Amino acid sequence: MNRWILDHTQAIHDAWKRTSDRLTQFIVLVCLLGILLAIPGWLAQIWIGMASLVPEDAVQSEAIVFLKQDLEVEARIDLERTLSEMPDTDQIIFVPRSAALEQLSKQDGLEPIADLKANNPLPDALRVKFSVQGVEARENQIIETLVADRRVLSLRYYPSTRIQYASLVEMLGFLGIGLSVLTVIGVLMAVFLVAAADVVDDRRRIELYTLLGASRRFIRRPYLYRATLLGVLAGLSACLVITFLNEVLSSALASNLKALDSRLENIPMDGRILIGVASIAVLASWVGAERAVNRRLNALH
Amino acid sequence: MIEFESVAKVYDGQREALSDVNFRLAPGEMAFLTGHSGAGKSTLLRLILGLETASSGAVRVAGTDLSTLSGEKLARYRRRVGVVFQDPNLEEDLSVYDNVALPLRISGFSESEIPKRVKAALSRVDLSDQANASPRVLSGGQQQRVGIARAIVHRPALLVADEPTGNLDPELSARVMRMFTQFQQLGVTILVATHERAVVESLPFRRLVIEQGRLVSDGMGANR
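So the sequences go chain by chain: R and L.
Position in the first sequence counted from 1, then plus 139, gives you our numbering.
Position in the second sequence counted from 1, then plus 3, gives you our numbering.
So that you can see chain R by itself, here it is in the shape it has in the complex (with noise of 0.2 Å):
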């Protein structure tokens, strides 16, 4: 058989029987890894989830923009096309002064100002929609053009729902980031104690072999080999855990998903953070043992 398939065959084999040796340790190591690493997973599944779920109501916002009194059309219509050609806005309705007046008089007690129709006091105006998936700082950017336009006289903007909660969800991902940074790094830290120690234990196997001539490949193939399934089945764990935490979450918040948006059973979830806490699992399992076998090697000379 190919010698190389042979060294990989006796790699895994030997990863398999120093599993088995300490299996206790093994699987409480799995169980801490995956319990450490779901937290992070959590909670950017909390984030995306929450970033994902879009209000039914009010999910444009809105401006009003009230425009100069003696504005000229041609102006009026080159800040209509401007708007438009935005690729935020959705929607430029005009507002003639006559109708909001209309529309203001027909409001309960306001009855009298429509007297005022030969001398009426209100601007014309525009109405902006912006687009359903509008970014909260592209739509303040212009808001801020619109207020510095010599033809609007004052405007009002009315955010979305979706863009209220946004800030939110953004305040909260700021949050999550910082404790899965931590949480990354003390996984990282248990990982390499753990494969030092393993490595400890090895100290005159990996002495015998160097100097039988192994090269570190050789010596570290073992080692690593036992750190990706370490680093496997405690992604596996975690993501087992965040699926399990998920169900748990949604089912308790069922009632205020529903009332967010009637098609909302539970938060979905991410495949993408399975997927990245799963890779943070095998990585962090495979730097630790190999930082921890380098370190043995290199203390040997």
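No lab work stands behind these hints: they were computed from the structure.
Source: prediction; values computed, not measured.
Where a beta carbon is used, it is the ideal one built from N, C-alpha and C, also for glycine.
Among the hints, erroneous ones may be present.
Just some of the chain L residues that point at chain R, by a computed CB distance under 7 Å [to be verified]: (1) ALA29; (2) GLU75; (3) ARG81; (4) VAL86; (5) ASN92; (6) ILE109.
Fit chain L to the supplied structure of chain R, relying on the hints for placement.
Chain L alone, transformed into the frame defined by chain R:
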């Protein structure tokens, strides 16, 4: 084969383990390295095995300055050297056969070549019948012979032994030394570090005496 030229080894910038050591060992020669504990024997062997680099001077093996080797080149060099330890350092999870085959697998020998070589090595140390046994069930002397078989299985040009008879009774010590003598007759260069005066003086080989890191005597054994 081995050449030490004004070799000094200083640890932590102050503790001098070896100082101005000069000697040559010709190919096929066997020599004893003797001295009290802490005299510098192990440091000298570690220099030959490439586990340490000399603070000054040069250590050459087969013409190669070991300070120029690192990484894969150093590993390849070690594959040409056999090592016997005081404690045979066998892998208890492996059978005697697999322990002896270890250097061959590390060196990348083909699976068809390995059985022939392992069989020959075990035959040389009279352990052919123990090939499938676990090292746990072997006596101390048998374990040491497995260690010797592992050291010679890849037919190294140089064999380095560090107190190979330290844990053995006089009879087994004599047997191990007879094996070394046979290997030397096959052309293997052998350097045996030992502090057992009886072993050294019973055999007619060169003796390097080291004291406090200095080579104080380089001559033939007393009974020659």
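Please write out, lowest number first, the hints stated earlier that are contradicted by the structure. 1
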